[in-house]
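Chains as they are written, first to last, in my numbering: chain A, 1 to 299; chain B, 300 to 618; chain C, 619 to 1056.
If you're looking for bench data, these hints aren't it; they were derived computationally from the structure. What you were told as hints is all true, and nothing was included just to trick you.
Beta-carbon label-pair distances, calculated as ranges:
{"#": "1", "chain 1": "A", "residue 1": "LEU45", "chain 2": "C", "residue 2": "ASP870", "range": "31 to 37 Å"}
{"#": "2", "chain 1": "A", "residue 1": "LEU45", "chain 2": "C", "residue 2": "GLY879", "range": "24 to 30 Å"}
{"#": "3", "chain 1": "C", "residue 1": "SER810", "chain 2": "A", "residue 2": "VAL40", "range": "38 to 44 Å"}
{"#": "4", "chain 1": "A", "residue 1": "GLY156", "chain 2": "B", "residue 2": "ARG330", "range": "36 to 42 Å"}
{"#": "5", "chain 1": "C", "residue 1": "GLU989", "chain 2": "A", "residue 2": "GLY156", "range": "48 to 54 Å"}
{"#": "6", "chain 1": "A", "residue 1": "GLY156", "chain 2": "C", "residue 2": "GLN672", "range": "29 to 35 Å"}
{"#": "7", "chain 1": "A", "residue 1": "LEU155", "chain 2": "C", "residue 2": "THR778", "range": "56 to 62 Å"}
{"#": "8", "chain 1": "C", "residue 1": "ALA978", "chain 2": "A", "residue 2": "VAL52", "range": "46 to 52 Å"}
Cβ coordinates follow ideal geometry from the N, Cα and C atoms, glycine included.
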Amino acid sequence: MTTETLATTEPTTRPGKRPLVIKHRRRRPRVLAHVGLILVAVVMLYPLLWMVTSSLRPNDEIFTSPGLLIDTFDLSHYPDGWNALSKPFGSYLLNSALVVLGSVVGNLVSCSMAAYAFARLQFRAKTVAFAAMLLTIMLPVHVLIIPQYVMFAQLGWINTYLPLIVPKLLATDAFFVFLMVQFVRGIPRELDEAARIDGAGHARIFLQVILPLMVPALATTTIFTFIWTWNDFFSQLIFVTDPDLYTVPVALRQFIDAQSQSDFGALFAMSVVSLIPVFLVFLFGQRFLLRGIATTGGK
Amino acid sequence: MSAIGELRTLRRDGRGGLTADQKQALAKERRRDSKAAAVFLAPWLLGLVGITIGPMIASLYLAFTDYNLLQDPNFTGLENIQRMLGDERLGRSLVATLTYVVVSVPIQLAVALGLALLLDRGIRGLALYRSVLYLPSLLGASVAIAVLWRLVFGGEGLVNAFLGLFGIQGPAWVAEPDTALGTLIVLHVWTFGAPMVIFLAGLRQIPRQYYDAASTDGANKWQQLRKITLPLLSPIIFFNLVLGLIGSFQSFTQAFIVSNGSGGPADSTLFFSLYLYQEGFAGFRMGYASALAWLLLIIIGAFTALNFWASKYWVFYDD
Amino acid sequence: MERRARRAALAGSALALSVSVAGCGIAPDPADAELSEGEVTLTMTWWGADARHQSTLDAIKLFEEKYPRITVEPTYADWGGYWDRLATTAAAGDMPDVVQFDQLYLSSYAGRGALLDLDAVPEFLDASSLPDNVLASGEVDGSLYAVPIGVAGNGVVLNTSLFEKYDVPVPDTDTWTWAEFDAAAQAITEASGGKVRGLSPFGADSFSLEVFARQHGDQIFDAEGDVTIDPATVAAYWQRELDWIESGAAPDAAALSEKAGVPLDQGDTVVGNTAMAFIAAGQFTAIAAAAPDFEYEVADWPADPDTPEGFQYPKPSMYWAASSQSEHPAEAALLIDFLVNDPQVARAFGTDRGIPASEAFQEALEPTLDEPARKLLDFTKLVGERSGDAPPITPNGASEIETMLSRYNQQVQFGKLSPQEAAAAFIEELQAAVDAAG
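One chain only, chain A, in its complex shape (with noise of 0.2 Å):
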């Protein structure tokens, strides 16, 4: 069997496999399965439609209401919280959409090369540096800030993008790193021996055997870090100050002071539009969940 048989997906779908004797016993269980995930998906989903509701009620009412019916329908907090701030709102999706990109790729490149060393590779001290890799996301970011703005502002990036971008090119996203390594050390050695065999090098055997095999790990690595950094303030708040590059989250804290007057409704309405983008992904990215060793034919 050759490495490009194995890297093509082909999705296939289970329950026809199965045999028809057994489908119609299953099928109470699969009701029940349905009642049950519905009912938790009403929980999960009532603080959304919550969110969405109070977006489209007057202000002095989302404070009161709980449930999720509207009195008074009020659509202006959509065009007023996208306007309100010195540039339309847009802009800041923009940015975010920016910083957003950079880290994704940065974590995909840099994080799958590290893992496929940790999980793949002998070397000397290997241990030591995996150790190493897990202590530096115990520390909590509180105490290492001031540091690292020193040591940005030393390199001219403060009120720029490259605080937030170049550590995920860096592989500095260790849980990046050990989710990959997982999900390598899942993958038959037996694959990349094969590969071996032809005469690949660790660069082929990286880049044509374990990459398309861990797809599902790589489209977490995406969903994960457009979400975290889309949702990201306090790097965000601290590295860029000029209002005209603020992101997503750091604006819609505009809409907010705990001291003076605040426009929840606005909040609302801009908080429920930026998370258009982030569902977009998420049901976007989960198809390549889907796509793993699982369905590739197998060896």
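With the hints as your guide, set chains B and C onto chain A.
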């Protein structure tokens, strides 16, 4: 078995009885691996040296100083550690954090794993369920949650309205020192989307053939779960456990927004990171905050090491 | 390779170490400040919500029109994010030139040399339009470090719509005593069957504690910055709150704790859960705007015949200050001068930063005011007439007083500590924080 596979077996089996040729081949592969590792790890190493280590060492140094952010740090030796020993709020925050971690991490993992198994069965509307179940994780850190949480768990909130149907008068969950931490645990469990997605991705990596073979042998679903799914998923369960622990020990945002940064009522939700943040940024005691951060690192590190040690007994790697 | 990595790691950490303290270089002597020639860029920062951002940007435009060679680069955030960012930039020696300040943090920054001594730049900044007792609250160790922007007393806000709804007569707030106040609160609770409570008590903020202390001839800090308040005063302050909770005039502990620290829009006053509350009066217009269905009044605290006169004082709602590290102290002073003295700024800001402290600004503003703002202005004038000397401001190290108060307050509310125990512990902790910073 291939030549390389043979080599690998040799390497695993120990060094005894290798021929000169085999030794040479092994050494050659070692060198090749090392070289490749240098390339593959280059970005990470650069990041470690260039970005991560510096601030970490700076904070380690500050842990032994009195540093008020605006003036030069003063080296004070072990004073910060002495202060920790008599710090009542530190004690309260350790209790709150440990309770939170020990309760919420296993529950969240169990829920995530259960739903992932359910969703992996290829039932109709799978994509929809998966998305809906993930939604809370999208909202988890939003300012809106602070408002919502009071509407749900407040004295007049939805939960109490529901309990009222059965004639039960519930407390103001978010506001009572005895129950506030519980609502945060619920909030944490409720954002089980991330581990669930990782579990789903992991389940997709388990070769289908194993199940087909087991079915042929007459294994029922429960046996398949125990003999195939859980062992093959164990690296992913392990991952979620380790990272879940690291993450929830450092939990900050949710407590911060739900308690408006206070860790209240009466310090009942004063998570470790929140306390350290208050010390550093509200109290201008960044030296002490750094010392606390390193204490946290030691605690998390110990838990993680314990986990890795225990993993030998239950995590199954195929390689 | 490993050795190289180790060396690089050391170099990196050394860099981080050396620069982590770089923020504290030697500040230029402000007395030598003079205007630079050519183009100058100033950075400026404030906290607030969007309305304030827009009005401040307008004021910046006016400034840039007047001084075309000066460009102002603004940055802004909400209250919480603002202080995190300010602390970080200040630590890195990268604090903006002109900074909006709060009383809470003023001494902590000025006392540690982060702020420019504004007395040293008299040719560029003239703050004489402000009353002396207001200006005094911008002084630390006898020098002016921050110019107050708006001032407000601590008042009682009354939701007159609720009084009307439950048919309770609004007391005469000019002469009211504590007994009348308590009776009115009680009447609201009874008339509404407990659905609405008479009042939101004080207990968790230093402003109300200060006014309470002054009503009892006491004060929180002395001029040296020590915590000199009598534990009995603090205990009485919390006992008063407990009495209100017990009598039903105030919501119970859980209901209060649920609302502790929530944004103003979600507070009991705005939502209509309580009919009266103690507020920093600067919030009055925001409260009125957040609850368009309610009518509000703002009044002075009740006082008994034996209450000392002059317990009120105009407390600056915020200040302008400049960084001691500024490369352009003269221009920074110029910008503050413009913000404090130019009547166009008064109109641009409105009452968003509180009622302006200077009379000239108040006059410039008066014709443009809406109903709630007019009430606030009247109240501020009343406070000005009745006020005594300003108390010493929150000293260096005591910036956590608010969080400490709210923490001990909750322990009192939930009966974990008696008011006396909490008072003693609070004073001890606060004094320790001051000492540690000293």
